[in-house]
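Protein sequence lines correspond, in order, to chains F and S. FYI, the numbering for the first sequence is 1 to 133, going by my numbering. FYI, the numbering for the second sequence is 1 to 309, going by my numbering.
Among these hints, one or two may not hold up.
BS3-like mimics (lysine-lysine), calculated; alpha carbons at most 30 Å apart, straight line [said to hold, decoys possible]:
1. K74(S) / K21(F)
2. K87(F) / K74(S)
3. K189(S) / K236(S)
Restraint-style ranges between C-beta atoms, simulated for each label pair [claimed, not checked]:
4. H286(S) / M16(F): 54 to 62 Å
5. R69(F) / F80(S): 23 to 31 Å
6. D8(F) / L63(S): 54 to 62 Å
7. G42(S) / R56(F): 47 to 55 Å
8. P81(F) / M104(S): 46 to 54 Å
9. P211(S) / Q132(F): 55 to 63 Å
10. R208(S) / D52(F): 24 to 32 Å
11. M159(S) / G121(F): 35 to 43 Å
12. P23(S) / P84(F): 33 to 41 Å
13. R70(F) / A118(S): 46 to 54 Å
14. P81(F) / P295(S): 53 to 61 Å
15. E65(F) / E69(S): 29 to 37 Å
16. Q132(F) / I108(S): 23 to 31 Å
17. P211(S) / R69(F): 49 to 57 Å
Since the hints were made in silico from the structure, they are not lab data. Because the structure is a prediction, the values reported are computed rather than measured. By construction, the Cβ of each residue, glycine as well, lies at the ideal position given by its N, Cα and C atoms.
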Amino acid sequence: MSLEIHVDIINDDDVMAARQKGRMLAAEIGFSPTDRAMLAAVITELARNILDYAGRGEVLLQPIENVGRRGIAVIARDHGPGIPNIKDALQASYSVAGGLGLGLRGAKGLMDSLEIISVPGSGTTVTARKWQS
Amino acid sequence: MSAIQVDLQREYSDALRDYLARPNEPALRRAYELGRGTLTNGTGVLGIAALHHQALKEVIPGLSAEIEETLLIKRAEEVFIESLMPFEMSLRDYREAIAVLRRMNERIEEEAKRIAHALHEEAGGLLASTHLALEELGRDLSPQGSERLSLVRTLLDHMDEQLRHLAHEIRPIVLDDLGLLPALDFLVKGMTKRSGVEITVEGSTDGRLPPAVETTLYRNVQEALNNVIRHAHAGKVAVVVTREAGAVRCSVRDDGVGFELSAVSAARGERGLGHVGMRERLDSLHGTLLITSVPGQGTELLMYIPLQG
Numbered sequence: 001m002s003l004e005i006h007v008d009i010i011n012d013d014d015v016m017a018a019r020q021k022g023r024m025l026a027a028e029i030g031f032s033p034t035d036r037a038m039l040a041a042v043i044t045e046l047a048r049n050i051l052d053y054a055g056r057g058e059v060l061l062q063p064i065e066n067v068g069r070r071g072i073a074v075i076a077r078d079h080g081p082g083i084p085n086i087k088d089a090l091q092a093s094y095s096v097a098g099g100l101g102l103g104l105r106g107a108k109g110l111m112d113s114l115e116i117i118s119v120p121g122s123g124t125t126v127t128a129r130k131w132q133s
Numbered sequence: 001m002s003a004i005q006v007d008l009q010r011e012y013s014d015a016l017r018d019y020l021a022r023p024n025e026p027a028l029r030r031a032y033e034l035g036r037g038t039l040t041n042g043t044g045v046l047g048i049a050a051l052h053h054q055a056l057k058e059v060i061p062g063l064s065a066e067i068e069e070t071l072l073i074k075r076a077e078e079v080f081i082e083s084l085m086p087f088e089m090s091l092r093d094y095r096e097a098i099a100v101l102r103r104m105n106e107r108i109e110e111e112a113k114r115i116a117h118a119l120h121e122e123a124g125g126l127l128a129s130t131h132l133a134l135e136e137l138g139r140d141l142s143p144q145g146s147e148r149l150s151l152v153r154t155l156l157d158h159m160d161e162q163l164r165h166l167a168h169e170i171r172p173i174v175l176d177d178l179g180l181l182p183a184l185d186f187l188v189k190g191m192t193k194r195s196g197v198e199i200t201v202e203g204s205t206d207g208r209l210p211p212a213v214e215t216t217l218y219r220n221v222q223e224a225l226n227n228v229i230r231h232a233h234a235g236k237v238a239v240v241v242t243r244e245a246g247a248v249r250c251s252v253r254d255d256g257v258g259f260e261l262s263a264v265s266a267a268r269g270e271r272g273l274g275h276v277g278m279r280e281r282l283d284s285l286h287g288t289l290l291i292t293s294v295p296g297q298g299t300e301l302l303m304y305i306p307l308q309g
């Protein structure tokens, strides 16, 4: 099994590196090209949030396994201001559906699960998992 | 691949093959209808891109994996998919929002049912007990006292009627027990009596419809009729419900003053004409609302809701 991959997110080049490493890991695990593209999109959105809201942070990519099924966990972690209202950040709101502000909700839709732990003033950790289809 | 995906792939490949052999409108129409169908069957933008790619492979003669590689078709598709991804995300977000909206509507209706039931059964039961107690009291009273008591009982009867009326407005029990058409019959009887506008209900639902569809049509007809009574100065209104293959259609047509659609569209966002609420309820069921109105010639409101399965 491949090892966990760690990418510091400090600038836009790091976002690119994280995308690339995520795509490679996904290929190794046997994700379809479409699923690989979805994973890259999720990494982009989570890493972009780190740059936009915390300035810097890190992205971890972990191979995971459950009853013979393989998948990938993307963990995005920062020590920024935190998300004041996670529910608002995640909940699909009718009025903004289809608009921009895709970020977290868009990532959630592409993955099998997504959870957020955020402590105001000390940072945010987003963990998103996707299983082989 | 699921059965739906296999069918979609065959249909898309057929249409593409047909069109590449000879450009013709029916092939394009089939592709259009296929795309339209994916709005409700869960296929996303990426799903359609995959259909197209697979169809190209099937349709272009001699397109082996090797040639595909040489022509860089596969590689080109990766770029294409990346650019489509935000649309896929936005589509999934929209579908999630629709699902949230539907659950919210269901919760509101459940709550309405609970309140209507409490009014009807519990408050109604208390009133009945009060009647019995008063009757017993009446036996010990002088004729003068009995007369006053009967006034009290008349007031209680009014209250009982009000409670029933209120319970029905909140959630018509007849809709749950007997279905859409009997509930609409009951609704228009009351409205005809109160407004003097002649309202008829016709058609058939061919058996019971899903509860969410029944509720949506009932609420929308209720709102539409209220609009007609308030604004249209109509003499007659016809409500027609028809069941079609895979869908139900309901129209409300009046012979009133009509209106300029552009004037109403400009005022969208205002709830005055109630169309926003109607659209929201229909949206949650992937339904559509069509309004045709000509000043001086009345208005027709047409609702169409696809039925799954």
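Unsatisfied constraints (hint numbers, rising): Violated hints: 2, 4, 6, 7, 8, 9, 10, 11, 12, 16, 17; rest satisfied.
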